Every structure is written in structure tokens, then in C-alpha cells.
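Listed in order, the protein sequences are those of chains A, B, C, D and E. Taking my numbering, I'd label the letters of the first sequence as residues 691 to 924. Taking my numbering, I'd label the letters of the second sequence as residues 232 to 582. Taking my numbering, I'd label the letters of the third sequence as residues 703 to 1038. Taking my numbering, I'd label the letters of the fourth sequence as residues 1214 to 1322. Taking my numbering, I'd label the letters of the fifth sequence as residues 6 to 601.
In short, the hints are calculated from the structure, not lab data. Keep in mind it's a predicted model, so treat the numbers as computed, not measured. There's no promise every hint is true.
Here are a few chain A residues that sit away from chain B, every Cβ distance over 10 Å (derived from the structure) [to be verified]: (1) ILE740; (2) ARG773; (3) LYS924.
27 Å max Cα-Cα, derived DSS-like pairs, lysine-lysine [what the hints assert, rightly or not]: (4) LYS812/A <-> LYS401/B; (5) LYS372/E <-> LYS318/E; (6) LYS829/C <-> LYS401/B.
C-beta atoms are modelled at their ideal positions from N, C-alpha and C, and glycine is treated no differently.
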Amino acid sequence: MDKKNLILKKLDEDVRFHEALSACMNCGICTAICPAAEFYKYDPRAICNIVQMGNVDEIEDLLKSDTIWYCGQCMSCKTRCPRGNTPGMLITVLRKVSQELGYFTESEKGRQQFAIEQIVGKNIVNFGYCVHPDIVEPFMHPEQGPVWKWFRKNIESVAPRFGAVYHQEKAGALRKVDDNSIDEIRRIFEVSGGNELFDTIEKFSEQKASEYHQNADHDYLMKVYTDNSGEHSK
Amino acid sequence: MHKRYWNNYQKEIAEDHYFYARSCIRQTFFSGSETAFLKMMTDELGKDIFDDSRQHTCTGIGYHSDIIPLETISTVIARLFSLMTEMGYENFVPSCITSFGILTEITELWHHRPDLLEKTRELLYKATKREFNVPKNIAHPCDIIYKFREDLKKNMKYQLVNKDTGEPLKIVEHIGCHYAKAFPDRGVGGAEFPHVLVGMIESWGGSVIDYPERRHCCGFGFRNYLVQANRGYSLSNSNKKLESMAPYEPDFIVANCPGCTMFLDRWQYTVAEMEGITYDKHGHGIPVLTYEEMAGLLLGYNPWELGLQIHQIQCEPLLDKIGIAYSPEDKYKDAYGKQLFPPQKPNNLIV
Amino acid sequence: MNTFDSIIIGAGPAGLKAADTLANFNRKVLLIDTDAKIGGKLNLWDRLFPDFSSSQELLNQLSKNINNENVTLKLNTNIISIKNNDNHWMATDSNGNTFYATTMIIATGFDVFDAHRKEEYGYGIYKNVITSVDLEKILSGEVSIETPSKVAFIQCVGSRDEKVGNNFCSKNCCICAVKQTIELKEKFPLTDIYCFYMDLRMFGQSYEELYRRSQQDYGVNFVRGRVSEISPTMDNKVVLKAEDTLLSRPLKLTADLVVLMVGMEASKGTKILGNQLNINNTDGFVKSTDRYLSDSETTLKGLFVTGTSKRQMSIPETMNDAVNAAVIVNNFLNTL
Amino acid sequence: MISFGFSLNTSRTIDIDADNFDKCHSLINHVPSYKRCIGCGGCAATCSAQQHSQFNILKCNLLFRRGEYDTLSNELDKCMLCGKCLLVCPRNVNTRAMIISMRNLLKTK
Amino acid sequence: MDINMYNPFIVPFAFGVIVLFINLFIAFVSWIYHLDKQQSKHVLKNIISFKTIAAIWEALRECIFHRNIFKRNPVLGYMHLCFAFGWLALIVVGKMEAVAYVGEYWTNPWLAIFLRFFEDGRAFPHKEVYAFVMDLLLTFVLSGLLLALIKRVYSQLLGMKKTTKHTPSDRIALISLWCIFPLRLLAESATAAIKHNGGFLTQSLGNLLANLPIEHFVLPLWWAYSIALCLFFIFMPFTRYMHIFSEVLLVFFRKWGVTESEKKTGYTDMEINACSRCGICIDVCQLNTAANFNNVQSVYFIRNAREMVNNTKVINNCLMCNRCVDACPVGIKTTLVRQLFREKDGFNKTNYYDYLNTLSSDNKSKKYSIAYFAGCMSHLTPSIINSMKTIFDKAGENYCFIDEDKNLCCGKPLRQQGFLTQAEALKKHVTEIINQTDADFLVTSCPICYNSFVNEYNELKMPVLHHTQYIDMITTNGKIVLEKKNLSMVYHDPCEISRGCNIYEEPRNVLRKTGNLFSTENEKNDTLCCGGSIADTAIEGTDIEAIAKNTFATLTKSNPDILVTACPLCKKTFMRNNAACVKDISEIVVDSLNID
């Protein structure tokens, strides 16, 4: 199958694609309240229109562009669409296809998927949670402020004050998720395609990193984590 | 004059016997809130709520930042449901708004596409040999507190009233986007004027501010926060919201979403340090509370056990306004009563 | 004396015109309306598009025309049940009176969309958000307001919107908005007017010309984009958020007055009747047997339908349709 | 001030309340037909300059109308004044006069 | 000098003359000083050459005898001749008479004007002849004056539909001018009544006046005459009458090869001041005749320019069809001057059109016989392009379609609107692209482009043909054969190639081979503009429509089957308002091709 049909097929296969976009009349109600449209060169209406028009070349350009990565997934668009579309969910599908075809590494914002996979993905399979205090490093999160620094430093003795059971294998906040549960999560990832997606992201990121004469390692992670051309809003 | 179309709409919220699921963000940044909620449920309301030690994330943050396939998140959720089923519960209570949204969306999807539900059952069984029932009722903790707000009020020591003037406090309520925007009938009061926090505030004596960016997203934006290069988006959106509410001089912000609470709090600090801007007259910033913290304070819980000291915007001016008793010297003590060296002070933000 | 050739339910433009025409054929007609006065929705409008003629004058003329011995007018009468008995139609009102006729014409018309249903537009919540019907009162001078500096018109409120279950286009709001912008501009020449639209459907004769005039002579600004939400400001104005879709950029506007161009839904009466007799479409309007060949007939023998109980129509269309229905009814009566 | 590795983004929202329409009003005085535009985009579709650039007369028209002058003068420079737009406009907007006037108005800061 | 030949009444006259010459001197010096380098070079090169003699001849012909006006309108020509020649002759003959009277060459300068007053009745050679000639000349001037009066009141009588509306200073000068000759007549007649020194006119009138107490009026009449002269001379430099001197200067500079430059120069001032506001341009202007604009014509534009009343509406309202240039008796290049006044400054970047692509390397490597440049407008009339493609194929040409992407403009529209830097930048791009083809000919379908290529593009490496010329060439040399059909047609000459580039016969040659060509009222260099001109940015839809309708009606008076033109813009403009069959010459040719 040629690449172009592949794109359309992949879109069509996703159950969410049809739910997200039935028929768009370009009214712009989604863009009007979209938090991303205000601060990025981003227009969900225009994206719906491109996908709806079905020009594969344009869709391919879209999948390779920064555009699809701007959405913040707040789903405000869903509330208002007079045609019952969900542009935010369409974005989810486009991102999925972009990742599966390796197009995501073509754009600055797309390449960031590597960092997210490395940070959030690893959290899930290591801690059982997407976010865990142990990896919200103040140096990567300066915006968390001095209070967070203080809490992290004193977490073991302070957390119990809030009823947390930090690193303990029992019910409560910040506990250690038991090994059996972690194992089950890992097996779920194995059978349901979660690991496959991680591998895909890593594989294409590795290819991209080699273009920069790098490996997909911590340096590459920090690169995609901080790269900002500054040309996303005008 | 005020006629709101959804005013009389009430979602279905179970009466008792809840299975509780923790939130990644809330337990990390506001573990006191989760603890307080459970305490209110059992101590104040005498409800049965179960906190399972084997529970885990719904992977919603990963899903919305596109590293988790639909099948995976469905199956992960299915495991949570299987724990619930195993423990004999039918009412699922996720602490997180993202989880709430995800659960609603997935169960809705299963409802329309039974084949996908079957597929999920297969995957879960294949991975863990577990089986599950779809919950009868999914409600967010804020729904439950809303439902029993009058009952809680009976036990409350304080009201959302300025103790000096007797005026109701002016409060900004912020609803997490995934609470009602995606499925308006799954939130109390619909999508445009969700009543869930308004109901609490008004019952407990406060008044709500209606300001231009009331429905605007806090700006979390998942990948837009997770990656440093994108945080300008997140910051700008919070800033937009805060700038819009600032002229109304709110006494505090209350949010039902863990992310929103954290971002509205931390971005105030960031903007103060980056641009020198604070959104109140005195340079303290506007305190941001979780609804559990708000309820806990009114119930007379110790602010330092609710975890208010680990908000970056400090709450003492607010506590004084309401007249809540607290001991300043306990603020930076650890769980064992040891006085710790307090956190560093920001340059611009007054703490 | 309760037997007639035809009972017409609804004394709006369609009912009045049909009664007038049938009376001219020397048919005995009973004209019933729940309201205390005739005219139906015509009473909500001050002047009509596209020629700014007075609705009251039209109504006076219609009223004069039915003022003859063939027409019996019953106002304040609420029909609660309709039955067909042996090729006769019986209508019973809430007071237990029953009226008999060989034929019956449904002219129950439309209701304006209840703008409260679009909570995001804040109708009934913010006092400066009004509907096109409310605006007519301002234009006629019945209600007076201070000169607004900016006014926004929002098209398609309650039309073309799955979220309120109305997939149809109400067809008349576009031109009505153009008419109202011109009237408003004549009343307040210094006011800036912005009209938010998705398409402007200027389907009728000289409508497009009126649109052109509103731009050229009155400087009304048309913005292509559907307004997403309206929220209040500190100084009691409202902020509108939309996308300027032709620029692909979000847009915000603070206005002193927002006019919601509310659409046309099947009226409550139309819906009840349609349900009772099982002759309604999915959108609540009454279904005619064939919109090309027999647009006045329903599937029930002797039961006819006219005007906006069928679908969205302008006033001239309604009147023509009513004449058509009356002629069909008269023919039907002749064949008996 | 602390550097966080990111900063506030500028808003792309068109703010009609900014009320900087003086230039727009003087354009209307010069080219009254400017008001008649119905945004059909016929001009942009036929435009010679648009074949190889992002130049779009309709957008220029609208940006001017909304008081968004930032990058407009650079955009207008791309126009070759060939006049094809004039011939396709269904509302007889004097597009060339409009562009010339805009250029002059933007020149006078 | 004879001190006796003086009377205080000459003081006003003398004062007027002195002021006049000072003003003239200042103006002339300033204009010459403001010539640009190129223009000065031309003057220096040609000042001592036969061109000067030719200039003298032309000055006499035009400034004194007004041949051009005569040709266009004999009555008007006569009127101008009366004033110009008659007055000059009065001065010259008056001087001769004064010399004869005094007996020496150096006489008091005012004697030539006021001799009758100072004449003491003594005899001098040819006294009667002089008296007769002077009266004859005065009669001649007065007859012109009579016509001028009539023209003011009933302009139609003199064949003018519209006359120029005057400014206040013009009116003062006009009234004083009108007073001069009647006053002279009265003064001389009154003197003749007493001194009996008049000719056939003055003496006859004098005899009539002799019955009155005329001696009291003699001196006041001479005073009045002198004052009228004074007023006229003082106001003259600030009125249309300045043209009397400027025109002479202009004739010389023009003969010396000076032309309008890219920017305003002293020469522009000469042109502006040389306008006599005769108003001939108003009548030929279609904006007046068809669209009712009668305050924008060259005469008004130039007057505004002189008075420095900068009115963009007027400057921009010109079709630049050049009908007025052809009609102007002074030969002022009014449209060029107008273009100069449209100049937009502050747009001086050089990278305006860098987005334009060059030819693809594939195209560059081939050898072409024809480089085809359709022109913007042709892309809106694709039938012209298709016809040209068919013709090229039929003629076996290997052609390169340069603007196939619909992306290139020749730059003329920019130039017309005064965006010179841009026009130059675009010209550079287009020249480069055209030259890359290395073709034998550049053929264009657009008259505007053609005009631009011929007149502005100085670096093209190949000859330029308009498609009418090209088709004429290949039908003449037999590359294609046309079949004559029984169709009646008329041809509309597009302004830019007809009046602009003298292409008259080529299209007619071609059309005669395809059908029956009829002539029309306004053809060749009298052709009308279709109204669609892109030079005019001030008029909008309905006005263009009015002009188009008018022109169309004029062209189709003979009810032809087809109206043929050779310009896509003309075609489009005619077609927009009129259903009748309008075709481009290329389409006609394709219809007549023997396609086997």
C-alpha cells in the first residue's frame, strides 16, 4: 500500500476519527475559545477543514508540521461545536498517525514526544503513576518554586503530616505501588500496544537523533525538552 | 432575571459505597486534600469509601500527551474497575478530573461500541486474568461533596464570610475542563455554568465572581506543560485567566481539578518572578484552594494538615479574613513535630 | 351553530389569510387562536424586511379582510383534542366546547427559539444580551435604551446547531438581522455594529441589495465566524469571543448590546398537534404529503396544513401558502 | 528576574476593542467601495502575487479592517497592482485603489 | 530720446512691463536650473544646431499662428490667431510706424504702443499706409475678441462642448485683456477726433465721437488703456496667459530633445506653465463625454499642479488613454506629467518581488523560437491564450510560455501609479526571466505589456511583438493560411498599442484576410478607451460601465457581427456589460484557420 493510502487508512481505522469529525461547516466556534489558537499559529477549524477536504498531501504536511502538536487537549471545542465534532479528539488521532508513521520527528514540537515518552511513560511503568514527586526535579521544573523544593527535600518527614504514605506499600497518597500491580500494568502495556508505541517513538527518535549525530539519550531528551525556535505564535 | 437553563439539572450521584481512585497530580501536590476528603466521607458523613492499595494511575496524562494508545488506557482503566469489582463496589470515585473525563469517555465509548468493551475484557484477561464490571455510577469527589454540602455545613465551624465586614467572600470558581465540557450532562449544572463549586460556595456563605474568562482553561495543556519549551502556552493561558479575574479582587480561587489548582498557584509565582506581576493589590497573589481544602478549612481542619503550606501562594491572609484559628509556628514543622528550616522566599511574591 | 366548512387553528398571518380566502369562496370558517389577539408572531415584529413596511398595517388589513359573516373568530381558545369522526373533524377546547367541520387547517405556526437554551450566550443572565424579538421593541420605541457604542448581532442562534437539536436553517434570520442593523443604525448613527455570521443567506428578492446597502450606506461590519461564548465585564458590558475565520485568528469584541438572531422552531401547538395526529417530521414541523405536488395536504383526509407549521417561511411566502391551502380546501369541499 | 526557560507568549487574538480604526476610516473615505467586500476571496484566488507567495488581498483587507497593521505593510509590498482582482470582484471593490491607499496610510505612521 | 514724447499715463504700462519681465526671468531661470542632468545634456548638445531653427519655425507656427488649433477647430484657431498674431503684429507694425515717425531707430519704447497720442500731425513716410494697417490689425484683434466673447457665452457656437472654468486671477487677467483692445480703439478714436490722425476705423469712429465733448475723455481713455495693459502684465505670470511665453520656451526645449524624466523637473514646470487652458482636452476626454466627470481633465489637473493644490482624486482620475495628449495644441505630455504627480515616495526597498521564481532549469536549457508572455489580463480571458497556443502550434513554433503560472506582471501598472522603485524591481525580475529563454521573439497578448516592453524594457535581448504583429507576420510569410469568412467586423484599437505604439495596419491586414472589416467613427489614433483602463484608480464600477457602454455603442453603430479587439482588458470590459460578440483577434484567426 502506498504511503498516501496508508495515511487515510490509518485515520479511518481509528474509532475516534469518525467520532471526532462528521461534517465541519467552518464556523470557527472551536478556534474562538481554543486556548492554543490564542498563543500559537493554530486554528483547529482549519485543521478540520484540511482533514475534511481529504487532500492527502496536505494531510501529510499537517502530520509533519508543528501544527498538530499545539493543542492542549482541554476539549473546550467539543462543548460548543454546532455539528457535534471534537477537533481536540481529531488531533489525538492525527498525532497517533504521525507517531506511527514517524512523521512526528519532522517538527520541533513533534520531536518532544520522545521526552514525554521517556518521562511520563517511564513514570507509569516504574511508579504506577504519571506524576510522582521523585521525578518532579526542581531543575527541570523551576516554576514549581521554593516551596516545592522544600517539600521535596523534607518529603519523608513532612508528607505523613498530610496523611501520605510516601514509599510505603499500603493504601494512601504517594505510596509505593506493589510489585504485583506494577507487573500487571506492564503486562497490560505489553498486550494492548502500549509498549509498541513506546518502541515506535524511540525508534524514530533514534533515527532523528542520528541526523544530529546523537543518540536518543539524555542529551537528546534535554534538546527536545528545551528547543524553541520562537516561531510558533506569529 | 437570572434564568439558567441547566439550573435544575442534577446528575446522578451515588448515595454511598464508593471506590476511591487517587490522582497523580493531587496526591503529589495536594495529598492533604485526598486525605481530607476521605476523612470527611467517613468522619463527617459516615459513608463507606474504599481506598485500595493496589490502585494506580489511569494513564490519562500520558493519553492526552499521546504516548498511550486507546487500547492501553482502556485496559488500564479496566484493571481499576476490576479492583472495584473485586472489592464489591459499583460506584467509582476518581480523585482526578482528567481521570473523570477519561472514565466518562471510555465508558461512553463502550456503551456505543460493545465490541470495544469485549476487546478490553479480552486484553485485561490476557494480561492479568482479571475480570471487571463497568461501574454503575462514576462521580467526582466534588460531586459527592456538592451532594452532601448541606450535611457538611452542619458540622462547619466557619463560613465563607469576611469576619470583619460580614460580607460574603468573593470567590472565583474554576472548573476543570474535562469535568463538564466534554459531557455536559455528566457535570452538575451543565457545561457553561457548572453548579458543582458554585453550589458549595453559595451554601457555605460565599459569593461567586462571574468574570470574562470564567470558562477559560487553566492552561495545563498536558504536553504544553510537560515539556519545558512549551510552558509559555501554559503560563500565558493562566495569566490570561488571572488577569481577567484580578480586577474583581477575588479572595481566593477554588478549583475542582488537581492540575488547575497546581497551575493557577505555581504560575502566579512564575509570573511574579518573571514579569514582576502579582494579581492582588498587596503582592501576595490570589490563594488557590482545592474544594477539599475549602471544605476542610470550614470544618475546622488544621490548615497545615490540609497541606496549605505547600501551596506557593500563602493562605494566612485568607485564614485571617475568615477568622480561622491556626498556629503560625506549626507551619513548617514535620510530621514528628520537628521545626524545619522554612522554604526560601521568592524575590517578588510576598509569602 | 358549531358546524363549519373549515376550522383553522391559529390566527397568525397564515390562518388569517386562509380564512379570508375561504370566506371569499363563501365557506363558513371558524378561526381559533389560544392568544387574546390575532396576528400571532406578526405582533412581535415592528417593521418587515426587506421594505420596512409596518407589520401593524399589514395586520390591520388582514383583520379587516376577515371581518365578515363567513368568519367566526374565537380567541383565547385552547384546543386540547382533535378527532376525525366519519369524515368530520371535531375540535374540543379546554372549556369542553366542541366544534365540527368538514375540513381543518393547521396554521399553528412557529415559536422563536428559546435563547436561554444557549447558556453560553448568557440570555437571561446578562441584561445586555437580547434577542431579535426584544430588539424590535427597542426599534419600535416601545422600550428605550441609551445609545450603545458597539452592538453585536449573532446569527444562527438555535439554528444549524446539533447541540440544541436544530439542524435546520431558519432562513429568515439573516435578512432580518440586516434589516435590524439598518434600523438600529438609523436610530443610533454613531453606533458600531458587528454582525457575526457563518453564511449570509440572502435568498429573497432584493435581500442581497439590502445587505449591500447595510455595508455601503450604513457601514455595518460583517464578521465570518460563529460566536463561541459571551461573558460579562466589570463595567456591565459583555465580551464576545469568535474566530475571524477568514483570517484564521481568534477575535474578541466588547459590546454594549448583543442581539441573538433566534431561529424558528415548530411552535408548541404545532408539536402537540403533530404528535397527537402523528403527522409531524422529526424536527417537529407538520409534514405535508408531498412538498412539490400536494404541499397543503397531510396524510389525513380533510386535514390541511399551511404556513410555518410546515417549515420556516417568510411572511409573503406564508400568505401565498395560505391562499394555496384555502384553494385546495375549497376544491376538496367541492368534490364532496 | 529568574529565567525559567520559557516566557509569556504574545496573543494572536484580534482585539476590536483596541479601537485603532483611524486608518481604516480614512481608507473608507478614499475608497468607499472598500466597505462592500463580502469576503468571497475571488481576489485572492486570481492574484498573480499569490502564486508564489502568501500574499492574500482578502486577508490584507480584513487585517486593515481589524486595525492589525503590524506586518501588513510588508505584505502589501508584494502586490504588483496588475488589477486582475479588480476584474473578478463581484462587488466591484476598487481593489487597486484600496491597496494603494493602504500602502500610503501605512507609510504615514 | 525725446523728452516731449512722455505723458504720466504710460507709467502704469511701464510698471506692468517691468514687473512682467522680472517675473518671467525668475520663472525661466528657475525652470532651467531645475532641469536634470540628462535634460541639460540634451540642451547643451542641441542648442547650436538646426534644431534651434526648427524650433523657431515651430514656435512661429504654433505660438503665433496656432496651426494645431486651426486643424482641430478653425474658428477657435482663428480666435487664437487674432490675439497672438494680431497683437504681435500691432506691436511690430507700431514699432515700425514709430521709427518712421521719429525718423530714427531708437525711439521711446512706449511709442510703439501709444504713438497716436503723441503724434503731432506732421507728415512721415507712408503715414496713411501705417494708419490703415494698424487699424486693420486692430479690427482683426477685435474680431477675435468678439469670438472670445461669444465663446464665453455660447461655447457650442465655436464647436466646444465645455470650456474651462476659470480661477479669480484668470478672470482679472481675462477682463483686462478684453478691455485692452476696445480701450485702445476708443483712445485712438478719441485722439483721432481731435487730431485727425486715425485710419479707416479709428477715424470713422473719431468722427462720430467728435460730436461729443470728446476732449475731456482723451487722456482718461489713454490712462484706462495703459492701466488695462498694466493689470494684464502684472497678472499674466500667475494666469493661463503665462502660456504665451512658456509655450515658446517649451517648443525650444522640446526641439532640443528634452523629455519628461522619471521625476518632476524644471521641464515639468515648463509643460505645466505652457498650458493655455484652451479646454480642448475636456472635449476629447471620455470621462467627460461618457461618465460626466468634468473637473478632472488635464487642463484642471495642470491648473491644480500650477496652483499646488494637491488633489489625489483628480490626479488619479485619468484613463491615460492619451487622447488628450494627441489633442493638445501645445503638445504637452499631460499623462506623463500626471504620472509624475502620482509618484509615491517612501517605498524604496529593492527586494519587493524576490518571491518570484525564475524559469525552471528545464525551460532554460531549451532553444525556443518564441517566448510567449500572455500578460495578467490574458489569464482572465483564457480563450486568448488557448487561441495563441493553437496558432503557435499551427505555425510550428517552439514556444516557451513564460507566465504560465499566472504570476508575472510587466510593471506598467505600478509605473502608472507612481511606484517607480517597484516597477524597476519587477522589470529587473521579468527581464531576467524573459532573457533566460533566449528566444527569437518575445510575443505578448497584452497591449499594456507590449507598450511596457517597448518603451521601458531596455535590456531585453529579443525583439518584441504584440500578437497582432506576430499574426500579421506569419500570415504574410505564409506560415499559416487563413480562410476568409462572410463575417462583418469592426476593429477596436486598444489605446496602448494604437496611439501608444502605432500598431494600426497589422491587425487590419489580418482581419481583412478573415472577413469583411468595416471602419468605425473613432478609429486608429482617434480610438476610444474601453473604460477598463487600470490607470484610473479613482473611478469605480458604474463609471467604467458607462464609458464601456458608450464606446461599445460608438463602435457598433454599423451593427457588425463581431467586435474585434486585441486586448484582453478591452475584451473583458466590453463583455462585462454587453452581450454582443466581442472577440480577440487571435480567436478570429483560430476560427479562420484551416485546421486539417
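Structure-based check of all given hints:
Distance check on ILE740/A: its Cβ is at least 19 Å (rounded) from any Cβ of chain B, clearing the 10 Å threshold; non-interface status holds. Every beta carbon of chain B lies more than 10 Å from that of ARG773/A, the smallest distance being close to 16 Å; the non-interface claim holds. For LYS924/A, the requirement that its beta carbon stay farther than 10 Å from each beta carbon of chain B is met, with the minimum near 13 Å. Only pairs whose Cα atoms come within 27 Å are accepted, and LYS812/A paired with LYS401/B is rejected, the gap being roughly 42 Å.
Distance hint between LYS372/E and LYS318/E is unfulfilled; the C-alpha atoms sit about 48 Å from each other, more than 27 Å. A C-alpha spacing of about 21 Å is found between LYS829/C and LYS401/B, which places the hinted pair at or below 27 Å, so the restraint holds.
Consistency note: the structure conflicts with the earlier hints numbered 4, 5.
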